[in-house]
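Trainee: Now for the letters of each chain:
Number of protein chains: 2
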Amino acid sequence: MEDFKFNADGLIPVIVQEASDSERPHGRVLMMAWMNREALEKTLASGKMHYWSRSRRKLWFKGESSGHTQDVVRWYADCDKDCLLFEVRQATGACHTGYESCFFQGYDMRGQPLAVGEAPVFDAKKVYDK
Amino acid sequence: MEDFKFNADGLIPVIVQEASDSERPHGRVLMMAWMNREALEKTLASGKMHYWSRSRRKLWFKGESSGHTQDVVRWYADCDKDCLLFEVRQATGACHTGYESCFFQGYDMRGQPLAVGEAPVFDAKKVYDK
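Protein chains in written order, with this note's numbering: chain A, 609 to 738; chain B, 609 to 738.
It cannot be assumed that every hint is accurate.
Since the list gives no way to pick out one identical chain from another, each pair is judged satisfied if it fits inside one copy or across any two copies.
[To be verified] With a straight-line Cα cutoff of 27 Å, these simulated DSS-like cross-link-like pairs (lysine-lysine) come out: (1) 734 to 689; (2) 666 to 733; (3) 613 to 689; (4) 613 to 733; (5) 689 to 733; (6) 650 to 613; (7) 689 to 666.
Calculated directly from the structure, the hints in this document are not laboratory data.
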């Protein structure tokens, strides 16, 4: 495998984008997370996104408890090989709060939150507080 | 300003995406970089992207030497407030190698690089080796 640059903690940042059907990836950005080498290897072997959870300090198979898995469609590294970009097909929604994307909260140029212009796509309470 | 979560080094990761004209941001991901609080403040005050350069250890006004500035259109934070997403209008190209996006190199599921399916949009040698 190409020699990607993991940081001092053995992690590399990963941008996750909704898959598009064009040569030029242009889907919505769904989330950002971190992978260690094992998470990257499991992702490539299974075709489903795996991360390193920094808060739980363990390998994290996205969708394991919620069912909201992410199938890999295409993936890229940046010019410095220290950041990865995955195009995925997201089941239901990516965000643990129930929104399609973790980036649902916009801000104005003074850094004040704007009204959220979309509704959650699932009921987080039902999915996670089982 | 909202209290975003900067890491132990005082930095927050920033995803930079080409602006789209839909409620739902869906442009191409151009680059990923880091901001400290000053870079975020300068970005919001000027409407032009500023970062913290970890390699040069200084504030970095994107496009200062190349002219390839990035005008802020909209911006978001994620659900944990520890990652920012900026929609920008990119002058010419974002990548220092001459490509539109830093994520021009795709990989297969064994981690082997694929042929690059696009051409640079500017001559990096002419722009940076002045």
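Trainee: Look at each hint and say if it fits the structure.
Mentor: These are the hints, each one checked on the structure:
In the homo-oligomer, the alpha carbons of residue 734 and residue 689 lie at most 27 Å apart only across protomers (23 Å), although the nearest pairing inside one protomer, at 39 Å, exceeds that limit. Only within a single protomer do residue 666 and residue 733 lie at most 27 Å apart by alpha-carbon distance; the minimum there is 23 Å, versus 43 Å between protomers. In the homo-oligomer, the alpha carbons of residue 613 and residue 689 lie at most 27 Å apart both inside one protomer (6 Å) and across protomers (25 Å), since each shortest distance falls under that limit. Taking the shortest Cα distances, residue 613 and residue 733 sit within 27 Å of each other only across copies (25 Å), while inside one copy they are farther apart (37 Å).
In this assembly of identical chains, the alpha carbons of residue 689 and residue 733 lie at most 27 Å apart only when taken from different copies (20 Å versus 38 Å within one copy). In this homomeric assembly, residue 650 and residue 613 come within 27 Å of each other (Cα to Cα) only inside a single copy, at 17 Å, whereas the closest approach across copies is 29 Å. For the identical chains of this complex, residue 689 and residue 666 are neighbours both inside a copy (24 Å) and across copies (21 Å), given an alpha-carbon limit of 27 Å.
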